Amino acid sequence: MEDIKETFYHTVAPLDFGYNYRVGTYLQRYIDALKDKKILGAKCPQCGKVVVPPRKYCGACNKVREEYVELSQEGTLENYTVGHITLEKGQVNQAESPYIVGMIKLGGADNLLVGKVAGVSPQEVKTGMRLKAVWKDQTEGEYSDLDHFEPV
Amino acid sequence: MRNVGIIGIGYTPVFVSKRKEVNIPEMISEAVDAGFQNTGLTPADIDAMVFGNMHTFEGVNLPHLWAAEHIRSLGKPVMRIATGGTTGMAAFHAGYYHVASGMADVVMVVTYEKHSEGDAQVGLMGIITPEVMTMLAAGIDVTGGSGMGAIGGGSAGGISFQASSYLYHSGAGIEHIDEQAALERRNAAKNPYAHLKDPEATAEKIAQTPLVSWPIRFGHICPTTDGATVCILASEEKAAKLADKVAWVLSVANCASDATTANLIESQITDPAEHLPAIIASKQAYERAGIVDPKKEIDYVEIYNGFAHQTLMYLEKIGMCEVGEAHKLQEAGELEMNGRCPVNASGGVVSTNSIGTSALNRVTEAALQVLGQAGEHQVEKDVHTALAHGWGGLMQYVTITILGDKPKKA
Chain A
1 MEDIKETFYH
11 TVAPLDFGYN
21 YRVGTYLQRY
31 IDALKDKKIL
41 GAKCPQCGKV
51 VVPPRKYCGA
61 CNKVREEYVE
71 LSQEGTLENY
81 TVGHITLEKG
91 QVNQAESPYI
101 VGMIKLGGAD
111 NLLVGKVAGV
121 SPQEVKTGMR
131 LKAVWKDQTE
141 GEYSDLDHFE
151 PV
Chain B
1 MRNVGIIGIG
11 YTPVFVSKRK
21 EVNIPEMISE
31 AVDAGFQNTG
41 LTPADIDAMV
51 FGNMHTFEGV
61 NLPHLWAAEH
71 IRSLGKPVMR
81 IATGGTTGMA
91 AFHAGYYHVA
101 SGMADVVMVV
111 TYEKHSEGDA
121 QVGLMGIITP
131 EVMTMLAAGI
141 DVTGGSGMGA
151 IGGGSAGGIS
161 FQASSYLYHS
171 GAGIEHIDEQ
181 AALERRNAAK
191 NPYAHLKDPE
201 ATAEKIAQTP
211 LVSWPIRFGH
221 ICPTTDGATV
231 CILASEEKAA
241 KLADKVAWVL
251 SVANCASDAT
261 TANLIESQIT
271 DPAEHLPAII
281 ASKQAYERAG
291 IVDPKKEIDY
301 VEIYNGFAHQ
311 TLMYLEKIGM
321 CEVGEAHKLQ
331 EAGELEMNGR
341 CPVNASGGVV
351 STNSIGTSAL
361 NRVTEAALQV
371 LGQAGEHQVE
381 KDVHTALAHG
391 WGGLMQYVTI
401 TILGDKPKKA
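Sequence lines, in order, name chains A and B. So that you can map any letter, position 66 of the first sequence is 66 in this note's numbering, and since no number is skipped, the others follow by simple counting. So that you can map any letter, position 388 of the second sequence is 388 in this note's numbering, and since no number is skipped, the others follow by simple counting.
In isolation and in its complexed conformation, chain A is listed as follows (with noise of 0.2 Å):
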């Protein structure tokens, strides 16, 4: 086959695409209490469904969530997958070993919540597991805060 004479343009867009989200006052309320070991969930005022992190509109009953609740840092892990690979600053590469990644079911919410899973192998992970939370000893009022879940 004729080889394909290829001229290409590299072109670099010189903007810096910053973006700064603000969380917002549910949002705000889950970190906040983060630094105090607690999860925050909200509670629908028409169907009683508790969501975590606090969210404002409960869909399916198109009200407004006023209510926080504290959850039991105790869950069960209804979903998981193993990760072989990471990505962090746009940048594929091979886990240094693979890890767990759950859906977790804390005591007193409807909804799941994803989080690291430590303490147990991917060999041995399943769904139906009882989880608890385990802290950062210094928190700072971060996502990383709760640092991951470990079999009860």
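Some hints here could point you the wrong way.
[Stated by the list, open to error] DSS-like, lysine-lysine: derived pairs with alpha carbons at most 27 Å apart:
#1 A:Lys5 with B:Lys20
#2 B:Lys328 with B:Lys295
#3 A:Lys126 with B:Lys328
#4 A:Lys5 with B:Lys18
#5 B:Lys328 with B:Lys190
[To be verified] Cβ pair distances, simulated, as ranges:
#6 B:Arg340 with A:Asp32: 50 to 60 Å
#7 A:Gly24 with B:Glu322: 37 to 47 Å
#8 B:Arg340 with A:Lys35: 40 to 50 Å
#9 B:Glu175 with A:Thr127: 14 to 24 Å
#10 B:Ala240 with A:Thr127: 55 to 65 Å
#11 B:Glu200 with A:Lys126: 33 to 43 Å
#12 B:Gly102 with A:Gln94: 23 to 33 Å
#13 A:Gly119 with B:Gly59: 39 to 49 Å
These are computed hints drawn from the structure, not numbers from a lab. Predicted, not measured: the structure shown is a model, and the values here were computed from it. Ideal Cβ placement from N, Cα and C applies to all residues, glycine included.
Following the hints, complete the assembly by docking chain B onto the known chain A.
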């Protein structure tokens, strides 16, 4: 509403990783030319155009205007549609609305993607970045390796929870995902417009590819493809004058749920594989087409499967079989080209993914089966009705199109 039919299809000559000898508008023009050649129409016959491609993938914000001369749209109404993975079928639906409403008699739908000239990962981040808030709302720490990396990276990571849930609820195993990928790559080998073709593909070969985010491995994932597709729609009256054979649109439907990265939370739905939009859209499409039992009345299905488990999962969602049954149909050989429930004889998205075209190709491939013009990948059974499915948006948007060999009775 007027009856609308597909009177022409045009593909680029090939769908491959890198079209080196043409630029973006030149590549698109190849599909437009093919559409005209296959129908004998000229630009003067086209009343309006709908254009679709993925936002941000090539960094071109107004490609439909950029490529105006190449798509022969000068002086015509042009509408651009971008709804993520579903773009191609959303554009098709917009074309359908034009004709069904009586606003136009003949509409050309043009879709493309030239992945090799952009960066799909950056493009996806451009879609995901505004979703930082949604990730925070799901409780995900977005600040580092335990952020997006925690869900395995990119849409493959995001989809892993869906696949995990599908396996849990259906009783299928990862080996069924391996086999589905292999089956479709074997089908692709018979489709001249497919990208990843492997006539010798086996589940064992797919199983040797590395895991990305369990249960999704490299061999389950679609490629990035360069290609363009055109589809020409006409009213019943015009179709009678312009075409010998027509694939008739019996119904269209689409449905969205709330915006969620990775489909983690649909408001209070806790199962990422529940996928209510697929259930709602397919029900609406059946009702509109007058279909009572899709298992008996739909002869052929094209599923949008960026990831191989989705063929099996969506067959269940759209009611082509019961929950937990799709992998058993696969084991029995019923999903193959000579089976009773043939699906993705084209090779599916898992074999070919120039993303703007991907959901339109589900329609055009279903149309080719109805028309009996699929050539080497024509399925064995007679196809009187076919269903095309699209999946995309922020993972929670579904489009459905049902085609038939006869126009819908008034």
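So, going through the hints one by one against the coordinates:
1. A:Lys5 with B:Lys20: Answer holds: Lys5 (chain A) to Lys20 (chain B) is near 8 Å, not above 27 Å.
2. B:Lys328 with B:Lys295: holds (15 Å)
3. A:Lys126 with B:Lys328: Satisfied, since the Cα-Cα distance of roughly 24 Å is no more than 27 Å.
4. A:Lys5 with B:Lys18: holds (13 Å)
5. B:Lys328 with B:Lys190: holds (24 Å)
6. B:Arg340 with A:Asp32: 50 to 60 Å: Taking Cβ atoms as reference, Arg340 (chain B) and Asp32 (chain A) lie about 58 Å apart, which means the hint holds.
7. A:Gly24 with B:Glu322: 37 to 47 Å: Taking Cβ atoms as reference, Gly24 (chain A) and Glu322 (chain B) lie about 42 Å apart, which means the hint holds.
8. B:Arg340 with A:Lys35: 40 to 50 Å: violated (59 Å)
9. B:Glu175 with A:Thr127: 14 to 24 Å: holds (19 Å)
10. B:Ala240 with A:Thr127: 55 to 65 Å: This hint holds: roughly 56 Å between Cβ atoms.
11. B:Glu200 with A:Lys126: 33 to 43 Å: Given about 36 Å between the Cβ atoms, the range holds.
12. B:Gly102 with A:Gln94: 23 to 33 Å: 57 Å Cβ-Cβ, so the 23 to 33 Å window is violated.
13. A:Gly119 with B:Gly59: 39 to 49 Å: holds (44 Å)
Figure legend: structure checked against the earlier numbered hints; hints not met, in rising order: 8, 12.
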